[in-house]
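S.K.: Protein sequences, first through last, are from chains G, A and W. Letter 221 of the first sequence, counting from 1, is numbered 221 in the working numbering, and no numbers are missing. Letter 92 of the second sequence, counting from 1, is numbered 92 in the working numbering, and no numbers are missing. Letter 168 of the third sequence, counting from 1, is numbered 168 in the working numbering, and no numbers are missing.
Treat the hints as calculated values from the structure; they're not laboratory data. It is possible that some hints are incorrect.
With a Cα cut of at most 25 Å, we get these calculated PhoX-like pairs of lysine-lysine [stated by the list, open to error]:
1) A:LYS201 to W:LYS24
2) W:LYS39 to W:LYS278
3) A:LYS82 to A:LYS70
4) A:LYS201 to G:LYS201
5) G:LYS46 to A:LYS225
6) G:LYS43 to A:LYS82
7) W:LYS80 to W:LYS135
8) W:LYS155 to W:LYS204
9) A:LYS201 to G:LYS39
10) A:LYS201 to W:LYS289
11) W:LYS143 to G:LYS44
12) W:LYS12 to A:LYS123
13) W:LYS143 to W:LYS131
14) W:LYS80 to W:LYS17
15) G:LYS199 to G:LYS213
16) G:LYS270 to A:LYS225
17) G:LYS39 to A:LYS123
18) W:LYS152 to W:LYS97
19) G:LYS43 to W:LYS24
20) W:LYS152 to W:LYS135
21) W:LYS289 to G:LYS46
22) W:LYS39 to W:LYS17
23) W:LYS258 to W:LYS278
24) G:LYS139 to A:LYS7
25) G:LYS46 to A:LYS70
26) A:LYS201 to A:LYS123
27) W:LYS278 to W:LYS12
28) W:LYS12 to A:LYS225
29) G:LYS270 to A:LYS201
30) G:LYS199 to G:LYS139
31) G:LYS44 to A:LYS201
32) A:LYS3 to G:LYS139
33) A:LYS82 to A:LYS7
34) G:LYS43 to A:LYS168
35) A:LYS225 to W:LYS152
36) G:LYS214 to G:LYS199
37) W:LYS24 to W:LYS12
38) W:LYS135 to A:LYS225
39) W:LYS17 to W:LYS204
40) W:LYS39 to W:LYS24
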Amino acid sequence: MQEALNVADYVDEQKFFCPQEEDIEAELLDDDSIWSSLKGMLKKNKLAAVSLAIIIIVIFMAVFAPWVAPYDPNFQDVENLRFAAPSVQHWLGCDELGRDVFSRLIFGSRVSLVIGLVPTIIAMTIGTVMGLMAGFLGKRVDFVIMRFADIVLAFPSLLLAMVVMYTLGASLINIFIALSIVKWAGTARIVRAQTLSLKEKEFVEAARSVGVKKWTIMTRHILPNCIPNLIVLFSLNIPDSIMSESSLSFLGIGAVPPSTSWGLMVYRGKQYLFNYPWLALAPGVAILIVVLAFNFLGDGVRDALDPYLKD
Amino acid sequence: MAKYIIKRVLISIPVLIGVVFVIFFMLNVVPGDPVTLMMGEHIKPDLIEAFRERMGLDDPFIVQFFNYLKNALQGDFGMSYKLKREVSDLIFQAFPQTVKLTLSAAMVAWLIGIPSGIIAAVKQNTLIDRGFMTFSLMGVSMPVFWAGLLMQYVFAYKLGWLPVTGYKTWQSFIMPSIVLGWSSAGTIARLTRSNLLEIMKNDFIRTARAKGLRETTVVVGHALKNAMLPVVTMMAIQVSSLLGGAVMTESIFGIPGLGRVAVSAIGDRDMPLLQGTIIFTTMLIIAGNLIADLMYSVLDPRIRCE
Amino acid sequence: MSEQQNNAELLKITDLKTHFFTHKGVVPAVDGVTLEIPKRQIVGVVGESGCGKSVTAMSILQLISRPGRIVSGSIRLDGKELVGAGIDEIRELRGNKISVIFQEPMTSLNPVYTVGRQVSEAITTHQQVSKQEAKQRVIDIFKAVGIPEAEKRFKAYPHQLSGGLRQRVMIGMAMVCRPQLLIADEPTTALDVTIEAQILHLMKQLESDFGTSIMLITHNLGVVAEVCDYVYVMYAGKIMEQANIFDLFDHTGHPYTKGLLQSIPKPMAEKQRLYNIKGMVPNLLRLPKGCRFCPRCEFAMQECHEHEPELYDAGNQHLVRCFLYKNGGEPA
Ligand SMILES: Nc1ncnc2c1ncn2[C@@H]1O[C@H](COP(=O)(O)OP(=O)(O)OP(=O)(O)O)[C@@H](O)[C@H]1O
Ligand SMILES: [Mg+2]
């Protein structure tokens, strides 16, 4: 054994001088280092840290909406409060039915956040499975899956979502379906690329050569290495979903009353824009802040995980 | 090189057919009889029958699809139910407005996105970086329709500088272009920034510095050309997102382009019109992708010389 | 002025510390290096991978980028302090008075420009010459570094050239302004043996023709023996031993240097076990207490685990960072 090793060293002089290569390889799979990169990023990147704080606050408000909101969002007082301007009692004023805009904003965040999360999770799960299969199984499976992805990606996502909503009709569930259909392909493409390059790596080849099952290789060896990419995609897909929903709502094929979303609030506020601008302004600012926060956080995450994103 | 071009063109054909199929499939499973939609409620049953037959609506789905595809390739997208006109006529009437809007918005997007991306990369992790990125990401983070409303409120209603809506004068395109362009400036800025940062890590940047070049020369002369190559590809994606955003922008600003045609087709449940505009738009995007790809290969000596 | 000319040092680095501030901690890649490069000499810097050779070299031209930074120390060129000098002053030197041949020939050239253009740039940055003249000089230097069909290669893109040719282009770029100091960071690692010999010959010629001093970084002690006048041995960011070339080979001081020397395969020797310094280069974030080499050292004593040795004088400009030499001269 000793002999054999030394002969190898003799042949490859370089080996002696480069003992650090393995160290670097090993770091790639280390979960702790992903966490510590993210934590380090939050310390350095104040903007991302503030964004995270905003997101946490918004999630908190959404979860505890009944306790946080000063009024019942559906309580109407048309006679006294119709178009009431922002005041101490009603921070963001009241709408055409005399409902408190701030309370509606808080309850609306529930729909917007759910729409940010659910389709993203569905789409990314589908996309990851498809990407893994396409990349790992190759050949015909790859061809079929990727042509489907090409087709989906050829559409402007909003138009495709519009057509799906048109076909299925406006409802919350259908928004989930529409956005999932639109979004899976992007993830699939990235995961496939990652899988293809990982497939060539020694540890995968080694696992294959000793007959480890395909499924096990995909889930145990390849998937964990896609995680940094998936984290970045996740954080950037959420704001995108929120925006898409608001556009659909604005076109009248998104969320349906009584469950209100921020997009729907802008849509309804639009009619009164010139006289009661706060009705459209408030939910728009809410979208802006939350989406911007997700974008900043996502960018920060991407910067921090950059070393892990490459193969 | 020629082989590469041919290959790229050939690959986009099945995608194009797939696009038509997906749209055709989805819009033809919509509940509601197209004939009733087209001719109104109170029509004699035998008339309907005759009409169905003439339109081929009783053929199997796949036959209908291939007929549609065949006609579409010849520029015939059928008749609008509501407007009772050739869909292709309506598309060609709307198309120039969308082109005007998209191109001017693309200019805005590039003018904001590229310089912001470069400055942000050079001043990475400073206040300047954050400032420029915030500015260009704000466009992405605002719903296009909301930004549009806001601009209308301020510049048209309050200040009276620009027309609220319209499409006849160039002034009426200012707000829509800014709103739409800004909405994709963030993506461009992001890509420019991250590419530039990536390129700046390359060994050849160190070589350029070691020659004694000024930092500006290093960035502009050595990094930028490399960093811009992927941004060119980005143009294609951008055409896509701009055309998507045009739907909203046109609705807000009353520009009778493709997007507004599509939106009103949804409202009227005018299936052939919706189908036609969306397929046409997607065809534009596929063509855009193709052109960007070819441009990339012309610009990059590594591919060009193959 | 005259005083500086008297002492024949071109470059003097004193107690240089260049650290990388990563989120995992501070990496002291160069940790107090003192090094001199006299005029008209070839000075070798050797050591295992990751010991800080390149970082030392890059510090001279301040080509260290974030998260790295020169923390302290002094670098003087002809008596002029470079640490803390303005970037414009440094830029004047780069590629002009001091040039570098980088370790990575495959990636050190910009893929979107022709090599001719990239080398001309080195001239036009520092001298007012016409495009035509610059081109001629580039072609001349290409010929000098042994690039065949130099005129044709002028218009080639990097990806059209082999690794050896790219390295020659890099060498040409470094020499084209006839620098006072040439930093060659493993200039021959990527090349095969015949070309290596040619390149080394070329560098020697440069030294004798133009009086260029050369800092030659390598981990090939064979190369060192061939061309260097004086050698520094680095380990984990510190100089472990420094000696002129004869003392280094004949009176090797430091156990680490001995290890390095023993691990050169000797072609003439009979079938032998190749010596291997046991263990690995320490992680710079977790340096051992005491001497940084002691965990791998055969001669480690109690003292080595507790205190860091200084560079002890072994006479004849031969310094060794090892307690064995504490009492000067001969090993204890
Ligand atoms: N950007 C960086 N960030 C963190 N640490 C770095 C960075 N660059 C270099 N280092 C550290 O500095 C140390 C010295 O690196 P250097 O490149 O000088 O080694 P070297 O002696 O030139 O090795 P080689 O023979 O492989 O070229 C390495 O251990 C490395 O960990
Ligand atoms: Mg090195």
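S.K.: With reference to the structure, classify each hint as holding or not holding.
M.R.: Against the structure, the hints:
| no. | hint | result |
| --- | --- | --- |
| 1 | A:LYS201 to W:LYS24 | holds, 20 Å |
| 2 | W:LYS39 to W:LYS278 | violated, 38 Å |
| 3 | A:LYS82 to A:LYS70 | holds, 23 Å |
| 4 | A:LYS201 to G:LYS201 | holds, 24 Å |
| 5 | G:LYS46 to A:LYS225 | violated, 31 Å |
| 6 | G:LYS43 to A:LYS82 | violated, 59 Å |
| 7 | W:LYS80 to W:LYS135 | violated, 33 Å |
| 8 | W:LYS155 to W:LYS204 | violated, 28 Å |
| 9 | A:LYS201 to G:LYS39 | holds, 23 Å |
| 10 | A:LYS201 to W:LYS289 | violated, 34 Å |
| 11 | W:LYS143 to G:LYS44 | violated, 50 Å |
| 12 | W:LYS12 to A:LYS123 | violated, 33 Å |
| 13 | W:LYS143 to W:LYS131 | holds, 18 Å |
| 14 | W:LYS80 to W:LYS17 | holds, 18 Å |
| 15 | G:LYS199 to G:LYS213 | holds, 14 Å |
| 16 | G:LYS270 to A:LYS225 | violated, 44 Å |
| 17 | G:LYS39 to A:LYS123 | holds, 22 Å |
| 18 | W:LYS152 to W:LYS97 | violated, 29 Å |
| 19 | G:LYS43 to W:LYS24 | holds, 13 Å |
| 20 | W:LYS152 to W:LYS135 | holds, 12 Å |
| 21 | W:LYS289 to G:LYS46 | violated, 36 Å |
| 22 | W:LYS39 to W:LYS17 | holds, 24 Å |
| 23 | W:LYS258 to W:LYS278 | holds, 13 Å |
| 24 | G:LYS139 to A:LYS7 | holds, 18 Å |
| 25 | G:LYS46 to A:LYS70 | violated, 57 Å |
| 26 | A:LYS201 to A:LYS123 | holds, 14 Å |
| 27 | W:LYS278 to W:LYS12 | violated, 34 Å |
| 28 | W:LYS12 to A:LYS225 | violated, 38 Å |
| 29 | G:LYS270 to A:LYS201 | violated, 48 Å |
| 30 | G:LYS199 to G:LYS139 | holds, 14 Å |
| 31 | G:LYS44 to A:LYS201 | holds, 20 Å |
| 32 | A:LYS3 to G:LYS139 | holds, 22 Å |
| 33 | A:LYS82 to A:LYS7 | violated, 41 Å |
| 34 | G:LYS43 to A:LYS168 | violated, 52 Å |
| 35 | A:LYS225 to W:LYS152 | holds, 24 Å |
| 36 | G:LYS214 to G:LYS199 | holds, 11 Å |
| 37 | W:LYS24 to W:LYS12 | violated, 32 Å |
| 38 | W:LYS135 to A:LYS225 | holds, 23 Å |
| 39 | W:LYS17 to W:LYS204 | violated, 30 Å |
| 40 | W:LYS39 to W:LYS24 | violated, 40 Å |
Hints 2, 5, 6, 7, 8, 10, 11, 12, 16, 18, 21, 25, 27, 28, 29, 33, 34, 37, 39 and 40, counting from the list given before, are not met by this structure.
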